[in-house]
Structure formats: structure tokens, C-alpha cells
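Q: Read off the chains here:
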Amino acid sequence: MKALFNSKKLENQIDQFLDSVSQGLIVFLSGVKSYFEEDKAEFEHYLKEISKLEAEADKLRRAIENDLYTFSLIPENRGDVLALLEHLDNVIDTSKETLHQFDVEVPDIPLEFAEKFVKLAELSCNAGEEIVLAARAFFKDIKSVRDHVHKVYFFEKEADRLGNHLKKDIFRTDMKLSRKIHLRYFATHVEKISDDAEDVADRLSIYTIKRMI
Amino acid sequence: MLLFFLSSGLFLGWSLGANDAANVFGTAVGSKMVRFKTAAIIASLFVILGAVISGAGASHTLGKLGAVNALGGSFMVALAAGYSVYVMTKYELPVSTSQAIVGAIVGWNFFSGYVTDYKILSKIVSTWVICPVLSAVFAAILYLILRAVFNNMKIHLLKIDSFTRIGLIFVGAFGSYSLGANNIANVMGVFVPSVPFREIDLGFMVLSGAQQLFLIGGIAISFGIFTYSYKVMKTVGGELLKLSPQAALVVVLAEAMVLFVFASQSLSDFVKSLGLPAIPLVPVSSSQAVVGAIIGIGLVRGWRNIRFNVMGKIAVGWIATPIVACLLSFIGLFILQNVFGIVVAKRAFYKVDKDFVKFVSATGLKADLSPIEGKEFNRFKDLYDKVFAITGDKEASLLIGSLCEEINLKLSSHKIENLYLKGLLTKEEKSLFLKLTDKDFRFRYQFLVEYCRLKKCKLNGFNKLAQVNKKIDIYLKLFE
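Going down the list, the protein sequences come from chains A and B.
Note that the first sequence ends on residue 354 in my numbering; no numbers are left out.
Note that the second sequence ends on residue 466 in my numbering; no numbers are left out.
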């Protein structure tokens, strides 16, 4: 019977978790933009903000996992839900990690690439936003999961394409090789957010088929 | 002695609890949606309620198939059924207690010379086929409804989980009730005609002798649930878990509905009042209802999901179980009677003598039995048909028929004293019957008349007569 009363609390926790992931993506994008605008104070603020959100998401995820097992809820879908949450967590982890690398390594990015970097970050974040929507739909409105998942795939492909262009451009300049590699490394990391989102989308498609009784 | 004879029925009840409760709560417990302790308590409670409140219908049908009228016979019939279930389970054939008990009763009929009523037998056999089919239809419809609700209404995954949990508990309770109502006939039905229990007035309701039997049987079933069903639930749960908990909910609900349909007197009466043929109240197999329901869901999902070999196995069970039980029952009765000298069947004899004709017309039953005066019958059915032709009233014919049964009763003060000491007779009853010790009662109505003379009750009209007849029924069983 306890399980029945707990469901509302757990529903809220899941929603809060998804909120954190979604906010984390917005903060990441703002952080990247402020880096290129060389607004140090703003950048510091976003850096702190994303760390906080990431920690909160971790805490929520653990609490949800704990409750699901303690009250043996959704025995059929429990494994799926846990995997879903863990992989969604990767999305915000990667965002945080990448923003921190900007802080630590302070990559010297020529202005001509700034626009493409920001665009890449936008595409990655779009993919992330859509996967959060898809995950929300998985819990509440199973039929519209598809509507979001296909967008994730689209944004991921776009990010891939733009990433390739960016890398090509980087290697066709006459910078030092070490600097080229350093920039490529950052392009790859920004792009990885959309890859993580795609990974979640793949899983979600299968879980959705399983959940349609 | 009574308890010894009842033991075979209790064993049957135990095995029913151990096996069939898993059909109701197996998926819920196996999938950890409901804890075993919760499931066991709910199942036990509702099995007992179902058995006591609505158990009469299905056991009445079994009684019509063959009224096993001696305790020794009831013992053997239940034992034969129980043992066939055990044997069939050992060879991993799907087995149903209902089919075993019917086979065993037919075995008793063969042995005792009681002619099997093939009309009733065919009615029972046809329900075995109808049961899984009906269950499949129910399940298919319920599944479609549930799927539409869950897929189209925007309900949170966790809410669906909660609803399913509550649903499984409620449906499990309903299923247990239906199981008790429908299958108590298998466990205790054969004992109803031969066990002497008197009515107990509980203040808010009166427990008839049969209901007390059902209560004992229900407790035996509960015992089976608590002691052994956990293992079976785990297995059933594991097998059925290929279905989602929501589909499992549908399976259990369909099963419960089918069992209820074949057990509920009021539903049967309602259908009859609509001008449709009355639903036969027959004990059916809960396992087959479950398989039927799973097939029903399979049909909705697509033909490829159906495993035809399972259906074949059920059909084999339909034929093999009753035959095995019938043979075992026949052999067992033979041994019991000839080796142990225990009465397994009473010879029935009915005579419509001159005094009886007078007696009947004096009670104002509006039945002139003179056309069949002096006739003798060895089968109740023959007598009943003749009387029915005269009265045209089912209940009255049954009553009149039973009254001219030969009982050959001679009361001894020793016997009465004995029963009194055991607490089976009250002081008043003792002194009443002691006044009858010098008399011989060849027919039942003679005993009834004497009893009434001493009790100073008036015998006019059907209701009065039926009331007194019910009362002396218990005494006659006690004096046997």
C-alpha cells in the first residue's frame, strides 16, 4: 500500500530530474556563448550553475533508483527506467565536463570558428532538449515519444555534419598541429552531447515498443 | 470416524489451495507486484467467503450427477479424485480437480448401480469446453479495452503501476471468491448428501449443514494456500510474466469472471429471467480458464502467438483425467466394500404404499398418487418422473419422492444415549427419541409422522412438510 502513496512523490522526483537535465543544457549553451564573448564573470556563473545542476541530477537519480527498488515499483519496466535515467544523466555529465574543460584548458579558438562552435553547441543542446521531452513522454504520454525521438536523430545528424565541417576547416588552416588537435578535441566534446542524446533515443525507442501493451 | 472420512476431501482441498490459488495470485506475487503474505491472506479469506456464500450452486449439480449417499463412498470418491490429480500432475499433464471429481462420481455410479444422468453429464462436459473459450473471449475484450485506456489516456507510468497493483489485489479477491464458490463443489460436494451437520444460527445468518462443510473445505483450501502455494505461484508467475502485469490483470479478471459465471445462482436466475437458457452451475477448471485467457490475448495480438500444443494437452486432460479417476474410484470402492467391509453406497428403494397415498392427500399437497399406488422403484429418477407427471411441480415431486424412501430404521436407547453423550443430540431430543424406541420405521414418511405427532406440529401444506423433512434429514443421517 505504501507504494500507492509514494507514486506522487516519485513522479515529482522524475520530473525534477528531467528539469535539471534540461536546465543543464541551457546553462551549457549560455556558458559556451559567454566564453566566446569573453565575459569571464558570466562564464564563472554558468560554470557554478551547471555543477550544481549536475550534482542535483545525480542526487535525484539515486533517490529515484532507491525508491523504485525499495517499494519494488514497476517491476516490468524498472530496469528500463533505470537505464534511461542513467543515460540521460550522461548528457548533463558530458555538458558539465565540457564546460569545465573550457575553464581548465582555455582553448585559444580563432574568432572565425566561434560562430560554428556556438552553432554546434546549439545543435547538440537541441538534441538534448528533445530527448528530455521524449523521456517525459515515455512516462506520461507514450504515443508521442516518437514525435520527439525523430527530432533527436535529426539534430544529431546535423551536429555530426557541422562537426565534420568544423574539423576540416580547423585542419586546413596553418596553425600549429598541437593547436589544431586541441581545437578538434573541443569540437568532438561539444558534439558528444548529441551523441549521448542519440544513445538515449535508441534505448527509448525500444522501451516504448515494450511498454505499448 | 467422520473426520477420517472427511480427510480425503480435506486433502483435495489442500491440493486445490496449493495449485489453484496460484492461478489467481501467481502473476501478482511472481512479479512482486503483491507480497505473498498479502496475497495469501486475501485469497484465503475470499475463498472461504465464496465457498460458504455461493458454494451451493455448483455442488448441487454434482449432487444431481450422483448423490453419493454413504460416507465411505464419499471418502473413496474424493480420494480417487485426489490421487488422479496427483498421478496426472506427476506425468505433467494439465489436470483439473473438477474433471477428476466428475470421473470419480461416475465411477461410484457404476459401482453402486445408480444410473448416471447423461443429460447432466453432457451439460458438465460441455462446460469444460465452453470454459476456456469463454475465458478467451472475455480476455480478448478486456485486453482491447485496457489497451485503449492505457495507450490513449495520458496516465503516468507510475500511476499505471499503482492502478495495476490495486487492480491485481481486487481482481485477486474476486478471483478467490469465485474459485471458492465454484470449486468448493469439487472438494466437499460429494460429502453433502452424507454428512450429518445441523444448522447453526449465528444470529446474523444461519449456516446450513452444507455451508459448514464448505467452511471446513474452505479452511482446508486456505491451509493449502499458506503451506504450499508460494512455490507454485513463483512458477506460474515466471511463466506468465512474459505477459506484462497489465495483461496478467486481464488474465486473472477473465478467469475470475468465468468461474463466477459458472457458480452464481443469482446470475443464472437473471439470465433465465431474460428468457435465455439458464447458465449451468458447474465446477470448472481454473487452470484451463487461465490458459483460455492467455490464448484470448494471443489472438488479439496476432495468431502467431498461440501455442497449439498447449491446447492439445488440455484436450488430452479432458479425456484422460475423468477416465483415470473413474477407474480408480471404481477399484477403490470395490476394495473398500469387499476388503474393509465399509458401506460405500446405500441401496435405494421406494414404494408408494396405500398409507403413503393417504398421507399425501391428508397433507393437502394436491397430489393424488392413487394411479401409482403399490408401485415400487429402485431409482429415484423413475419415481420422480411418475410423481412429476401427476403434480407437475418440481419441488413437490422431489419432496414426495424422498418421503417414500425405504429407511428401515429401528431406534435403540443405546444409540440415542451414545449420540447424546457425543453432544450430537440435545436433552429434549434425547427424551423425544427415547419415546420412539419401540417402533420400526420402514419408510421415511412414517418417521416423519411419528416425529410430528410428538412435536405436535401440523403437517399441512408444502412449506411445513418441507421444513420438517429437512429437520429429520439430519436425524436420519445421525441414526444411520
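Just so you know, the hints here were simulated from the structure itself, not pulled from any lab data.
Heads up, some of the hints might be wrong.
Claimed, not checked - Calculated lysine to any residue pairs in the SDA-like style (CA-CA distance at most 20 angstroms, straight line):
| # | chain 1 | residue 1 | chain 2 | residue 2 |
| --- | --- | --- | --- | --- |
| 1 | A | LYS284 | B | MET139 |
| 2 | A | LYS284 | B | ARG133 |
| 3 | B | LYS145 | A | LYS298 |
| 4 | A | LYS351 | B | LEU285 |
| 5 | A | LYS149 | B | ARG133 |
| 6 | A | LYS281 | B | SER148 |
| 7 | B | LYS145 | A | ALA278 |
| 8 | A | LYS284 | B | PHE136 |
| 9 | B | LYS140 | A | ASP156 |
Q: Has the given pair, LYS145 (chain B) with LYS298 (chain A), been kept, meaning a C-alpha gap of at most 20 angstroms?
A: Violated, at roughly 36 angstroms.
Q: Can you confirm whether the C-alpha distance between LYS284 (chain A) and PHE136 (chain B) stays at or below 20 angstroms?
A: Distance ~10 angstroms between LYS284 (chain A) and PHE136 (chain B) Cα, so the pair holds.
Q: Take a quick look at whether LYS149 (chain A) and ARG133 (chain B) sit within 20 angstroms of each other, Cα to Cα.
A: 23 angstroms, violated
Q: When you check the alpha-carbon spacing of LYS281 (chain A) and SER148 (chain B), does it fall within 20 angstroms?
A: 14 angstroms, holds
Q: Has the given pair, LYS284 (chain A) with ARG133 (chain B), been kept, meaning a C-alpha gap of at most 20 angstroms?
A: Roughly 12 angstroms between the alpha carbons, so the hint for LYS284 (chain A) and ARG133 (chain B) holds.
Q: What's the verdict on LYS351 (chain A) and LEU285 (chain B), does the C-alpha distance respect the 20 angstroms limit or exceed it?
A: Distance ~18 angstroms between LYS351 (chain A) and LEU285 (chain B) Cα, so the pair holds.
Q: Please work out if LYS140 (chain B) and ASP156 (chain A) have their alpha carbons no farther apart than 20 angstroms.
A: Holds, at about 15 angstroms.
Q: Has the given pair, LYS284 (chain A) with MET139 (chain B), been kept, meaning a C-alpha gap of at most 20 angstroms?
A: With Cα atoms ~10 angstroms apart, LYS284 (chain A) and MET139 (chain B) stay inside 20 angstroms; holds.
Q: For LYS145 (chain B) and ALA278 (chain A), compute the direct alpha-carbon distance and say whether it is at most 20 angstroms.
A: 14 angstroms, holds
Hints 3, 5 from the list above are not met by this structure, while the remaining hints are.
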